[in-house]
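Asker: Construct the entire structure; sequences and hints are all you get.
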Amino acid sequence: MADYDVHIIGGGLAGSEAAWQLAEAGYRVRLSEMRGGGDTTPAHQGDALAEMVCSNSFRSDDGDSNAVGLLHREMRALGSIIMREADATKLPAGSALAVDRDLFSGGVTRALSAHPNVTIVRERIDTLPSEGLTIVATGPLTAAALAESIGAATGKDALAFFDAIAPIVYRDSIDMDIAWMASRWDKIGPVGEGKDYINCPMDKDQYHAFVQGLIDGEKTEFKDWEKDTPYFEGCMPIEVMAERGVETLRFGPMKGVGLDNPRTGRWPYAVVQLRQDNALGTLWNMVGFQTKLKHAEQVRLFRTIPGLEKAEFARLGGLHRNSFIRSPELLDGQLRLKSAPHIRFAGQITGCEGYVESAAIGLVAARFAAAELGGRTLPPPPPETALGALLSHITGGADASSYQPMNVNFGLFPPLAEDVRKKDRKLGYTQRAGKALAEWMKFAEGVAA
Numbered sequence: 308m309a310d311y312d313v314h315i316i317g318g319g320l321a322g323s324e325a326a327w328q329l330a331e332a333g334y335r336v337r338l339s340e341m342r343g344g345g346d347t348t349p350a351h352q353g354d355a356l357a358e359m360v361c362s363n364s365f366r367s368d369d370g371d372s373n374a375v376g377l378l379h380r381e382m383r384a385l386g387s388i389i390m391r392e393a394d395a396t397k398l399p400a401g402s403a404l405a406v407d408r409d410l411f412s413g414g415v416t417r418a419l420s421a422h423p424n425v426t427i428v429r430e431r432i433d434t435l436p437s438e439g440l441t442i443v444a445t446g447p448l449t450a451a452a453l454a455e456s457i458g459a460a461t462g463k464d465a466l467a468f469f470d471a472i473a474p475i476v477y478r479d480s481i482d483m484d485i486a487w488m489a490s491r492w493d494k495i496g497p498v499g500e501g502k503d504y505i506n507c508p509m510d511k512d513q514y515h516a517f518v519q520g521l522i523d524g525e526k527t528e529f530k531d532w533e534k535d536t537p538y539f540e541g542c543m544p545i546e547v548m549a550e551r552g553v554e555t556l557r558f559g560p561m562k563g564v565g566l567d568n569p570r571t572g573r574w575p576y577a578v579v580q581l582r583q584d585n586a587l588g589t590l591w592n593m594v595g596f597q598t599k600l601k602h603a604e605q606v607r608l609f610r611t612i613p614g615l616e617k618a619e620f621a622r623l624g625g626l627h628r629n630s631f632i633r634s635p636e637l638l639d640g641q642l643r644l645k646s647a648p649h650i651r652f653a654g655q656i657t658g659c660e661g662y663v664e665s666a667a668i669g670l671v672a673a674r675f676a677a678a679e680l681g682g683r684t685l686p687p688p689p690p691e692t693a694l695g696a697l698l699s700h701i702t703g704g705a706d707a708s709s710y711q712p713m714n715v716n717f718g719l720f721p722p723l724a725e726d727v728r729k730k731d732r733k734l735g736y737t738q739r740a741g742k743a744l745a746e747w748m749k750f751a752e753g754v755a756a
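The opening position of the sequence shown corresponds to residue 308 in the working numbering, with each subsequent residue numbered one higher.
Honestly, the hints are just simulated from the structure, not real lab data.
Calculated pairs, EDC-like style, for lysine to aspartate or glutamate (alpha carbon to alpha carbon, straight line, at most 20 Å): (1) K511 with E550; (2) K601 with D523; (3) K601 with E619; (4) K742 with E752; (5) K526 with E604; (6) K645 with E455.
Answerer: Right under this line is the structure:
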């Protein structure tokens, strides 16, 4: 007889959240994580649980008018370890929730390591378990052998897309005689004073030369099996955006709107923003600068940015392939694999996109598993909630034939009444969600009892 109630495969944000939720509900968890056991991935830097690979931001923390901020609020209400540690390690980032990524993952690792109901095993799992409740949360970088096992179990080829990593710059190598500190529109967030980003300005000629440099720069070469893999629109390499038109970046990550340059009193033609990446303030990441440029080309080109002429890089950008399953076709409403219902999937491998979305699906998967262990059935969170809207998209709301990774957004929610004015809709969604979640939580507590 196994010495655990649920086997969780993968110690990223989804797996860590799932382990915490089950452990807090009184169930024993075996958490298998291959990093630290002799294996790693092309994108991870260490072996801490819940490592943030790309950005250090959980995006907007505005729970009244933003869908991801609403998701933050709902997860906090449900005792999320990911949100607890994010709040404990947050950094100034305007209205966004950004964290010191090392302190954050360290906090999650310590909490799970200290929990009496969690056993962390540094091991690589190559095949799906044939029995026993299991949550697969291996993320978009699932190891090859397990990916093959998943493919065999589903009878479907895994879909895939490319994801790119943004560079990180040492703060003391940025020329602050050129750059300046500001948040867009001087907006003050939960941390900071409205001056949370380092801004590097460009005039028209500098911007056009930079865009041409992105287009001409030497890129990472694709392997044969990678050539037809699409990018995820929410994490597009900056050079791919540049290829879509010379003005594309000025309406994307390089827009100067709302950023008054104190040296000119005007908005810059274009701007490169950097966001604090650690609590010491020594590391800053280039916002929206995911890239597949070769490393030497990155250094050469990024040092043409005003203020970054002498930039030193703690990490350069990179590119990796991400995989996910066709969840609307393969999973039921409780995230169970239809062909093997003892197995649930959670996190980015289901096709949700983003740190907080990944952790949210881990939370829901764990709640479903806990109810099943207790001999009860927990209904899904209402679709009027951020949790329920995201879950509905993954488990049937999306078209399986054209399924692509998706961040949480109000377009996934049931429409409001037609008489709600456009300017009131965002608040309408969040207020309705709050009431729906409160009712669901009353029922969920009864199921858990």
